[in-house]
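Asker: Here's the letter readout for the chains.
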Amino acid sequence: MNGHEIVYLDDVGLRLGNTIILREAKLSLGPGEKVGLLGPNGSGKTTLLRIIATLLQPTSGSGAVLGAEIGTQDVYEIRNRIVMVGHLPGLWPELTLGENTELVARLSGRSPEVAADALAQVGLARASERRADQSSKGMLRRAELARALILEPTLLLLDEAHAGLDAEAIGMVDTIANRVVAGGGAVMLVSHEPDRLNVHRSVQLVDGTLEMVS
Amino acid sequence: MIDLVGAQVSNAWWYVTVAYTVILGGMAAFVGWLGFRLRRAHRELDQLS
Amino acid sequence: MTFWRQVYEVARKDLLVESRTAEVALMTAPFGAAALILIPLAIGTDAPLLSQLGPGLYWIVVLLFGMLVILRKSAVDGQAQRDLVRLLGIEPAAAFAGATAATSALVLFFEVALGPILIALYNPELRGWPWLFVILPLVAIGMGLLGTIASGVTTSIGTRTSLTPLLIVPLSLPLLMGATQALEGLRLGRGIVPWLILLFAVDLALAVSGVLAARPLEEAVT
Amino acid sequence: MTIVRNRWLEIVTVAIIGVSLFRSMTVVADVTQGDVQRIMYVHVPSAWLAFLAFMVTMVGSAAWLRTKDQRWDRLAASSAEIGVVFTGLAIVAGMIWAKPVWGQFWTWEPRLVTTALLFFIYLGYLALRRAVIDPVQRARRAAIMGIVAAVQIPIVYYSVNWWRSLHQPSSARSIDTPLRITLLLGVVAFTFAYAVLLRRRLELARLEEELDAKRFEQSQSVAGADITAPSLASHPHD
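So the sequences go chain by chain: A, B, C and D. All the letters of the first sequence, read from the start, carry residue numbers 1 to 214 under my numbering. All the letters of the second sequence, read from the start, carry residue numbers 215 to 263 under my numbering. All the letters of the third sequence, read from the start, carry residue numbers 264 to 485 under my numbering. All the letters of the fourth sequence, read from the start, carry residue numbers 486 to 723 under my numbering.
No lab work stands behind these hints: they were computed from the structure. Check each hint, because a few of them may be wrong.
Unchecked claim - With a Cα cut of at most 30 angstroms, we get these calculated DSS-like pairs of lysine-lysine:
{"hint": "1", "chain 1": "A", "residue 1": "137", "chain 2": "C", "residue 2": "336"}
{"hint": "2", "chain 1": "A", "residue 1": "26", "chain 2": "D", "residue 2": "699"}
{"hint": "3", "chain 1": "A", "residue 1": "26", "chain 2": "D", "residue 2": "553"}
{"hint": "4", "chain 1": "D", "residue 1": "553", "chain 2": "D", "residue 2": "699"}
What the hints assert, rightly or not - With beta-carbon atoms standing in for the labels, derived distance ranges:
{"hint": "5", "chain 1": "C", "residue 1": "390", "chain 2": "D", "residue 2": "643", "range": "51 to 61 angstroms"}
{"hint": "6", "chain 1": "D", "residue 1": "494", "chain 2": "B", "residue 2": "259", "range": "19 to 29 angstroms"}
{"hint": "7", "chain 1": "D", "residue 1": "591", "chain 2": "C", "residue 2": "383", "range": "47 to 57 angstroms"}
As the structure is a computational prediction, the values presented were derived from the model and not from experiment. All C-beta atoms in this analysis are idealised placements derived from N, C-alpha and C, irrespective of residue type, glycine included.
Take the sequences, apply the hints, and build the full model.
Answerer: This is the structure we're talking about:
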């Protein structure tokens, strides 16, 4: 570790009950890097993303995210520089897309106008009044991407980056990711379609460990 | 310590017997159950190794 | 963003979601009211008896049916929502305090909604009623705290709707004692300050426990 | 295995319990209550054992939160289980005692009410433990509940005590020296019993953990390995 990495994992392992989800996973993600994460269903990609996002503590190994050692109280200080778009929508189904986006702005101490602006940028300005539980999967994904526009993270983690998105929206994913990268941040994308990932390099989760993909 | 309704109960030893049976019996049952679980754990551990 | 601003925003979010489902107003409160109608049919409709039992029954309904307020849908975020809140940098203690504030407000609403029904059906003595402005919130806060802590340790457990009440009800006894005895004290014209102090002490002890447990608990709920 | 080693504790415990029982049966009968009062010599020590066990649970919970050492979690869990068993026994014996003395099985005596609530509080604690699969998550949640419960218990007790003192003042009564010695002997005997039971229960907890580790070693299931290629014919590009 040279201190400049955004994500650094050393032999990270995770065991939940009697199932090994990760073992000896090594990963290094520097500023300006855009990395794809591949792997079959159930191989632990989402879990790995949650570990990187400091939401889940590994059971072995060590690492640091944005300078905060994982498993320490330091992670509370850097969390607001991470945006993760998970495979389940991080939205409250009873609230409208507009309210959900505004909530992100409010909870992060930003003004509601930022939220409206972001919603317009992802093409949902007219769907702002629509409840999340009455929106399509693609709309929910777009609303979640608006979160990245509001928060301008240093570390962006996209699970199933392209699932449910149309061609326009896929282009938007690239734009948002490139913006993070250009700002000196890092992006990690999970996808089942490596061809569409458009990344610098990819790693693959096989049998609970990370392997380079050429 | 206690409010008394009636002193000197006639069939006192009957109550004493029941109470002691409950406590000692309960203790024995717990010990038995604990022993059963211990033996089972030992057995399963032996089977695995 | 300051701690209190975070508390406010979390509570606001919970209440906003609740306002959409209106679970407490449209389901739990009528359920509690129906219970208050059923009880006299079981124990007898003798007016002096009801007047005497009314306050106690009211608190029992508040405590037991209040479990449904604690377990309501807007009190439970799914994993994706929890992840989102955590990544927004919300301090766990602020999330705890915000959730507690929302639940307490709804329990208070529940208490206030049942009040008129109790008065109409049971005709209780209302001596010293202004004290209710102190008693009702203290009980509501206690239940909110207890509920948020217990919900916290049962998050994502399949049987949480049964487990949470089992964890809460025995621990809520001091709230019941404080509330019923304060009303009893008012009825008899006795001092009620010790009971208010008891309620306050319970709230304080739970608030301190909850705030201190917030970070460890957040790590336990993955 | 430690079954043969350290047998002395078991032997001493059985001996003390025997002496205590003999003494309970032969000590002079209580002046006011007569022979029925002999129930106290097992009822009070059971309740004492339960309180002791729950105190140990609280200590184990706090220590786990500080150290994250699973041994403390095993201590908290084992002690809580013993505590629940003896709370139940103490309540039943107390009720049997109450029937002839008070004329009914139950009175709203503060200690009785608190003990009954303790039973449910720690039943809930054990239920919570059963409901969480992952050991570390379980330890953390249980530790938090263990501490919150322990903080509330004195308040529970004082509130009931206070309530009761308003309604029916309880008459305090000192007991005679020979009777007190017998009671003390019972308390000592049950404390030894607690030590024996706790040691065995801890051994069980350790074995179960070992068993879990063994099973894990043998299965070594990696999450992704549970999924294989579908046997259904695939047409990727139609």
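Asker: Decide, hint by hint, whether the structure agrees.
Answerer: Results for each hint:
1. Of the supplied pair hints, the one linking residue 137 of chain A and residue 336 of chain C holds, its CA atoms being roughly 22 angstroms apart against a limit of 30 angstroms.
2. Restraint check: the Cα-Cα separation between residue 26 of chain A and residue 699 of chain D comes to about 26 angstroms, which is no more than 30 angstroms; the hinted pair holds.
3. For the given pair, residue 26 of chain A sits about 25 angstroms from residue 553 of chain D by alpha-carbon distance, which is consistent with the 30 angstroms threshold.
4. At most 30 angstroms may separate the alpha-carbon atoms for a hinted pair to count; residue 553 of chain D and residue 699 of chain D meet this at roughly 22 angstroms.
5. Judged by the Cβ atoms, the range 51 to 61 angstroms given for residue 390 of chain C and residue 643 of chain D is violated: they are separated by roughly 26 angstroms.
6. Taken as a hint, the range 19 to 29 angstroms holds for the pair residue 494 of chain D and residue 259 of chain B, whose Cβ atoms sit roughly 23 angstroms apart.
7. Separated by about 34 angstroms at the C-beta atoms, residue 591 of chain D and residue 383 of chain C break the suggested range of 47 to 57 angstroms.
Of the numbered hints listed earlier, those contradicted by the structure are 5, 7.
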